[in-house]
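> So the chains spell out like this:
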Amino acid sequence: MKVFGLVAVFVVGLLLLSATQDFPSWGNPRSAASDGEVSSFYIEKTEAVTKVPNMVTAVLADFRGYDTMFETVVIFIAGIGIIAVLRNFEGSDSSIDYDNDDNGAGLLARFTCSLILPFIQIFALYVVAHGHHSPGGGFQGGVMLGASYILLALAFGLSKAKRIFSERRTMIFAVVGIFIYVGWGVLCLLLGGEFLNYSVLDSILPGDAMMARSYSMLVVEIGVAFTVTAIMFSMYSNLSTRGRLSKGL
Amino acid sequence: MEIALMVAGICLFLMMIPIMCRIIIGPTAIDRIVAVNVIGTKTAVLLIIIGALFDNVSMFVDFAIAYAALNFLGSLAASRYFNRTRPAYGKRSSMEVKGS
Amino acid sequence: MDEILNGLSIILIFSGLIFFMGASVGLMRFPDFYTRMHAAGKGDTLSTILITAGMAVQVLSHFDVVSLFVAIKIIAIAVLIMLTSPTSTHLLMKAGYDDGIDPVTSSDKDGIIDLGGPFIKGSQSGDSESKVKKKIPSKKKSAARRNSV
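Chains as they are written, first to last, in the working numbering: chain A, 1 to 249; chain B, 1 to 100; chain C, 1 to 149.
Only chain A is shown next, with the shape it has when bound in the complex (with noise of 0.2 Å):
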């Protein structure tokens, strides 16, 4: 069966070795992805238009802004298709022995991880942040903070970060991401224009239409990274306790 496996990687890995063939050579002007005129558009006029200098997230959050939208509600989904498969009710109310749960993975590595959670935490809010000008946004600095929560359950246990972040506080969290998001574009459907279109929105933002759209971008990234945030950890203490929410991994 091994070796069925092994001959099985072998000529998938051929044919799309001999698949790459036909793609456009590197940095090729004329290549499809490259010549059309959407993508002239996007590198032409991203900067004038939005003042974002990172094309990456200008296309995911404004240009594309319905995409992502029900890209972060794809995560929400999962999330709750989790929670909905894996989590088990029975006896966890009576269960949960605070003091006699898992207390960590030793001084140690408890020490060493309230040094770098706050590192970590606001390198994470940096990324969120600063996700117009490098690499970076919503979903990235969303799973390092959701990192940062496992990293805490890994280090000191699960039922302390559960009483940092709670089931019931993670679910409020992602709803609220979602939240965020639609409701960004409601308000500007409310201002008169059309559903994420975020230029209209200089009425009530400082700055002109422009700069409308480049905080809008945050906005938004703001609420998916709640949402990513808050699924990555339901995700984390689901899987490693099955479901039981207590003496984790």
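Please keep in mind that the hints were generated in silico from the structure rather than gathered at the bench.
Ideal Cβ positions, reconstructed from N, Cα and C, are used throughout, including at glycine.
A couple of the hints might just be wrong.
Think about it this way: if two alpha-carbon atoms lie no more than 30 Å apart in a straight line, the pair counts; the simulated BS3-like pairs of lysine-lysine are [said to hold, decoys possible]:
#1 C:73 - A:51
#2 C:73 - C:42
#3 C:42 - C:94
#4 C:94 - A:160
From chain C, some residues computed to sit far from chain A (all C-beta separations above 12 Å) [as the list claims (entries may be wrong)]:
#5 4
#6 7
#7 11
#8 17
#9 19
#10 38
#11 62
#12 73
#13 76
#14 80
If we take Cβ atoms under 10 Å as the criterion, some of the chain C residues that face chain B in the derived model are [claimed, not checked]:
#15 9
#16 21
#17 24
#18 44
#19 48
#20 66
#21 84
#22 85
#23 89
With chain A fixed as given, assemble chains B and C onto it according to the hints.
Below, chains B and C without anything else, positioned relative to chain A:
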């Protein structure tokens, strides 16, 4: 300077190859995790060198911080998993008879 | 000034590479889990710190505000790895010890397991048996340790 950085990056990559062999042949699971941990920290360093080669260290250093931080998370999770949940060493049962 | 800083950074980077070569060769060739851990933990941490310090010096060699902040970030990586890498080595070592991975000792000749390294079984002489009585972690002990930690 660029040549020195290029040589350093290539040397770093070449020295990762024995560690990858250790990932493949490592007799216990924790051997493999240690090797993955070493490659993880070295990948953070390699990212900085690649950034210097592309003249864009300010962008690549963010990746490197994220990688270094998440690498610790991985090894901590692995150590807790093998500490509490399952033994890492398959041959232990036969050895224990001999040892005790 | 530029040449001095560049030379300093090259010296730091290549000394880090030498230490990493030690870690790499040690991880490949040491006979058992604990010695490999030793090579990985020490060599990896020191080489990472040296190479990141070299890169910070190299970034600072043309000095302005942006490169100062980038150098601070690179130093932050060095500090992060200096904190986390020994901790993770310690944790993995403890996990392995609690799981009962036996070290290669010279006393119990029959107990030598071939852990994949180039350790030769036949090279032990028989009369070294009385010298060291290596304590083998029994299952009861490791369970007690697990509860106490």
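> Now tell me, hint by hint, if it's right for this structure.
Going through the hints against the structure:
At roughly 26 Å between alpha-carbon atoms, residue 73 of chain C and residue 51 of chain A fall within 30 Å of each other, so this suggested pair holds. For a cut-off of 30 Å, the pair hint linking residue 73 of chain C to residue 42 of chain C stands: about 23 Å separates their Cα positions. Distance restraint check for residue 42 of chain C and residue 94 of chain C: the Cα-Cα separation of roughly 16 Å lies within the 30 Å cut-off, and the hinted pair is therefore satisfied. Distance hint between residue 94 of chain C and residue 160 of chain A is fulfilled; the C-alpha atoms sit about 23 Å from each other, no more than 30 Å.
Every beta carbon of chain A lies more than 12 Å from that of residue 4 of chain C, the smallest distance being close to 31 Å; the non-interface claim holds. Every Cβ of chain A is farther than 12 Å from the Cβ of residue 7 of chain C; the closest lies at roughly 31 Å, confirming the non-interface assignment. No beta-carbon of chain A comes within 12 Å of the beta-carbon of residue 11 of chain C; the shortest separation is about 29 Å. At the 12 Å boundary, the C-beta of residue 17 of chain C stays outside the reach of chain A, the nearest C-beta of that chain being 26 Å off.
For residue 19 of chain C, the shortest C-beta to C-beta distance to chain A comes to about 22 Å, beyond the 12 Å cut-off, and the non-interface label holds. No Cβ of chain A approaches the Cβ of residue 38 of chain C within 12 Å, the least distance being about 17 Å, so the stated non-interface status holds. For residue 62 of chain C, the requirement that its beta carbon stay farther than 12 Å from each beta carbon of chain A is met, with the minimum near 20 Å. Residue 73 of chain C, annotated as away from the interface, has a beta carbon of chain A within 12 Å; the closest lies near 9 Å.
Interface exclusion of residue 76 of chain C from chain A breaks down, the closest Cβ pair being 7 Å apart, not more than 12 Å. In this structure residue 80 of chain C is not separated from chain A by more than 12 Å, as the shortest Cβ-Cβ distance comes to only about 6 Å. Residue-level restraint check for residue 9 of chain C holds (minimum Cβ-Cβ distance to chain B is 8 Å; threshold 10 Å). Checking residue 21 of chain C against chain B by beta carbon gives a least distance of about 6 Å; that is within 10 Å, so the hint holds.
Taken as an interface hint, residue 24 of chain C checks out: its beta carbon lies about 4 Å from the nearest beta carbon of chain B, inside 10 Å. Because the beta carbon of residue 44 of chain C sits about 5 Å from the nearest beta carbon in chain B, less than 10 Å, this interface hint is met. Hint status for residue 48 of chain C relative to chain B: holds, with the closest Cβ pair at about 5 Å, below 10 Å. Contact between residue 66 of chain C and chain B, as hinted, is supported at the beta carbon level, the nearest pair being about 6 Å apart and thus within 10 Å.
Hint status for residue 84 of chain C: holds, given a least beta-carbon distance of 4 Å to chain B, under 10 Å. Residue-level restraint check for residue 85 of chain C holds (minimum Cβ-Cβ distance to chain B is 6 Å; threshold 10 Å). Given the 10 Å rule on beta carbons, the hint for residue 89 of chain C holds: about 7 Å separates it from the nearest Cβ of chain B.
Violated hints, listed in ascending order, are 12, 13, 14; each of the other numbered hints is respected by the structure.
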